[in-house]
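Residue numbers (this note's numbering), protein chains in the order written: chain X, 55 to 285; chain Y, 113 to 355.
Treat the hints as calculated values from the structure; they're not laboratory data.
Beta carbons are placed, not taken as given, at the ideal position from N, Cα and C, and that holds for glycine.
You may find that some hints are simply not true.
Straight-line Cα separation of at most 30 Å, DSSO-like style, residue types lysine-lysine; simulated pairs [what the hints assert, rightly or not]: (1) X:Lys168 - X:Lys205; (2) X:Lys273 - Y:Lys299; (3) Y:Lys328 - X:Lys164.
Chain Y is faced by these chain X residues, among others (derived, beta-carbon under 7 Å) [claimed, not checked]: (4) Val222; (5) Pro228; (6) Lys232; (7) Thr239; (8) Ala242; (9) Ser246; (10) Val247; (11) Pro254; (12) Glu257; (13) Val259; (14) Glu260; (15) Asp266.
Here are the chains, one letter per residue:
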Amino acid sequence: MTYEINLAEVDVDGAVREAADTASGDTRLSFLKKAGLTTGGLVGGGAVLSALAPSALAASSNGRPPSSFGTGDVGILNYALTLEYLEAAFYNGATAANLPLSAQAAAFLKIVTKDENEHVAFLKKALGRKAAKLPKFEFKGANTNAEMFMKTSQVLENTGVHAYLGQVLNIKSPAYVKAAGSILTIEARHASVIGLLNSPTAESVEPNGSFDVPYTASKVLAAVKETGFIV
Amino acid sequence: MSTQTSEGRASRPADSAPSADSAPQPAGIVERLVRDDVDRKRFLRMAGGAGAASFGAFVLAACGSSSSKTASTAAATASTSTASKSSSGDVAILNYALTLEYLEREFYVKVVASGFFSGKVGTLIKGFGEQEATHVEALKGAVEKLGGTPVANPNGKFPITSATQVAQLAYTVENLGAAAYLGQAPKIQSPELLATALAIHSVEARHAATLGTLVKKSLTPDGAFAKPDEMSTVLAAVKPFLP
Numbered sequence: 055m056t057y058e059i060n061l062a063e064v065d066v067d068g069a070v071r072e073a074a075d076t077a078s079g080d081t082r083l084s085f086l087k088k089a090g091l092t093t094g095g096l097v098g099g100g101a102v103l104s105a106l107a108p109s110a111l112a113a114s115s116n117g118r119p120p121s122s123f124g125t126g127d128v129g130i131l132n133y134a135l136t137l138e139y140l141e142a143a144f145y146n147g148a149t150a151a152n153l154p155l156s157a158q159a160a161a162f163l164k165i166v167t168k169d170e171n172e173h174v175a176f177l178k179k180a181l182g183r184k185a186a187k188l189p190k191f192e193f194k195g196a197n198t199n200a201e202m203f204m205k206t207s208q209v210l211e212n213t214g215v216h217a218y219l220g221q222v223l224n225i226k227s228p229a230y231v232k233a234a235g236s237i238l239t240i241e242a243r244h245a246s247v248i249g250l251l252n253s254p255t256a257e258s259v260e261p262n263g264s265f266d267v268p269y270t271a272s273k274v275l276a277a278v279k280e281t282g283f284i285v
Numbered sequence: 113m114s115t116q117t118s119e120g121r122a123s124r125p126a127d128s129a130p131s132a133d134s135a136p137q138p139a140g141i142v143e144r145l146v147r148d149d150v151d152r153k154r155f156l157r158m159a160g161g162a163g164a165a166s167f168g169a170f171v172l173a174a175c176g177s178s179s180s181k182t183a184s185t186a187a188a189t190a191s192t193s194t195a196s197k198s199s200s201g202d203v204a205i206l207n208y209a210l211t212l213e214y215l216e217r218e219f220y221v222k223v224v225a226s227g228f229f230s231g232k233v234g235t236l237i238k239g240f241g242e243q244e245a246t247h248v249e250a251l252k253g254a255v256e257k258l259g260g261t262p263v264a265n266p267n268g269k270f271p272i273t274s275a276t277q278v279a280q281l282a283y284t285v286e287n288l289g290a291a292a293y294l295g296q297a298p299k300i301q302s303p304e305l306l307a308t309a310l311a312i313h314s315v316e317a318r319h320a321a322t323l324g325t326l327v328k329k330s331l332t333p334d335g336a337f338a339k340p341d342e343m344s345t346v347l348a349a350v351k352p353f354l355p
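Just chain X, same shape as in the assembly (with noise of 0.2 Å):
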């Protein structure tokens, strides 16, 4: 029995999904504007950042990512597509610093690195010409440092835990409830791993206990904001 998440089961009204031949980068909306920004002006670190305060998504509903990620699904697998690229620049900038790591952080950060490469690769395929693009990340040394590594991928992993979480109940697409419930129990792996590794303790393993929590988009975003990350 084989199963695997395909584009063609999630693409269920051919809404989301276009051409190739038509997407083009020039009438693509870049990652910014769907952040929020108006065009024209000068575009510094400070006001991406304002755009995903809290503040500034008031008006979302049920903890619904903001509509300048698109509407409806489209706009749910965006915010998904953002919060991936940001685990995956972050690993992969992990996996080229050649951290000095113990065995099994290193066999962990090569699973996790190649798991959330694939989800982003999933998105971007399943929201076609509608992808937010790849945003700017700086990452401050929190990959380049083997300590700051460890720290920063299990607090990256528990929160995409409490994003998917959040955002299943408002997936309209009994497909894409599936691909976010699949890629929600990956992310939950990775927390608890990584969680285990930093300590083996329940607190560090599963923080939420008996049953994990889900988080509004506005709060995952103004932990993302927190961070600095993306510039």
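Got chain X sorted already, so can you dock chain Y onto it with the hints?
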């Protein structure tokens, strides 16, 4: 009777099934569920309306007329249930999840009693068991809230022979639990229940990955996208743990 089901489980990289001498192979009647959608639907109806029927009766009922009188007796019991029609699908799923959580709770009780684990790992594993107990209570409450009757504890039995064997079995059981919830998620009608099921599911995933790391198995045996398991697959896999 095909043995595809048990082979399928065994072939999962995640799987570290108990050895053949410690756990019997799944009986053929369960395997029919894998292939026969009608049987599955019958099981769902049964589970949705079941009162205090045993898990074994579930399995038999799911196999319908071909598997003897026991099945029709159990099915008759189910038809007298008072669970409301609108929520019977969710009740069935909840009772299915409850059955798995009962098994997990029982498993950890025996693991803790074995004394194989001490120190930090022992504390972690004890905590996993306590969380399964919390899941049992939550699911029982949810079934009752929907007007259904919680399924009876199947009183699972598990081979407990060594620390390594137990940890590997725990890894198998938790992977199965995570995949079982994922398989039901798209079928759950109530948004509230879906949220609860997924919040439990990711905790099962945490358990599975933690145990996997402890026994040097993959933390993500399915790769970047977790694979859901159908009810029939899960039922076949837990069959060895039923009395």
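*Supplied contact hint for X:Pro228, tested at 7 Å Cβ to chain Y*: 5 Å, holds
*With 7 Å as the cut and Cβ atoms as the points, is X:Glu257 at the interface with chain Y?*
10 Å, violated
*So, X:Ala242 near chain Y? Judge it on the closest CB pair being under 7 Å.*
Interface hint status for X:Ala242: holds (4 Å vs cutoff 7 Å).
*X:Lys168 and X:Lys205: Cα distance at most 30 Å?*
19 Å, holds
*Restraint check, 7 Å cut-off on beta carbons, for X:Glu260 near chain Y*: Check passed: Cβ of X:Glu260 comes within 5 Å of chain Y, closer than 7 Å.
*Close enough to count: is the Cβ of X:Val222 nearer than 7 Å to one in chain Y?*
Hint holds; X:Val222 Cβ to chain Y Cβ min 6 Å, cut 7 Å.
*Could you check if X:Pro254 really has its C-beta closer than 7 Å to a C-beta on chain Y?*
4 Å, holds
*Against chain Y, with CB atoms and a cut of 7 Å, does the hint on X:Asp266 hold up?*
4 Å, holds
*Would you check whether X:Ser246 satisfies its interface hint, that is, whether its CB is within less than 7 Å of any CB in chain Y?*
4 Å, holds
_Run the distance test for Y:Lys328 versus X:Lys164: straight-line Cα separation, threshold 30 Å._
Measuring from Cα to Cα gives roughly 15 Å; hence the hint holds.
_Evaluation of the interface hint that places X:Lys232 against chain Y, nearest CB under 7 Å_ = 5 Å, holds
*Restraint outcome when X:Thr239 is required to lie within 7 Å of chain Y by C-beta distance*: 4 Å, holds
Consistency note: the structure conflicts with earlier hint 12 alone.
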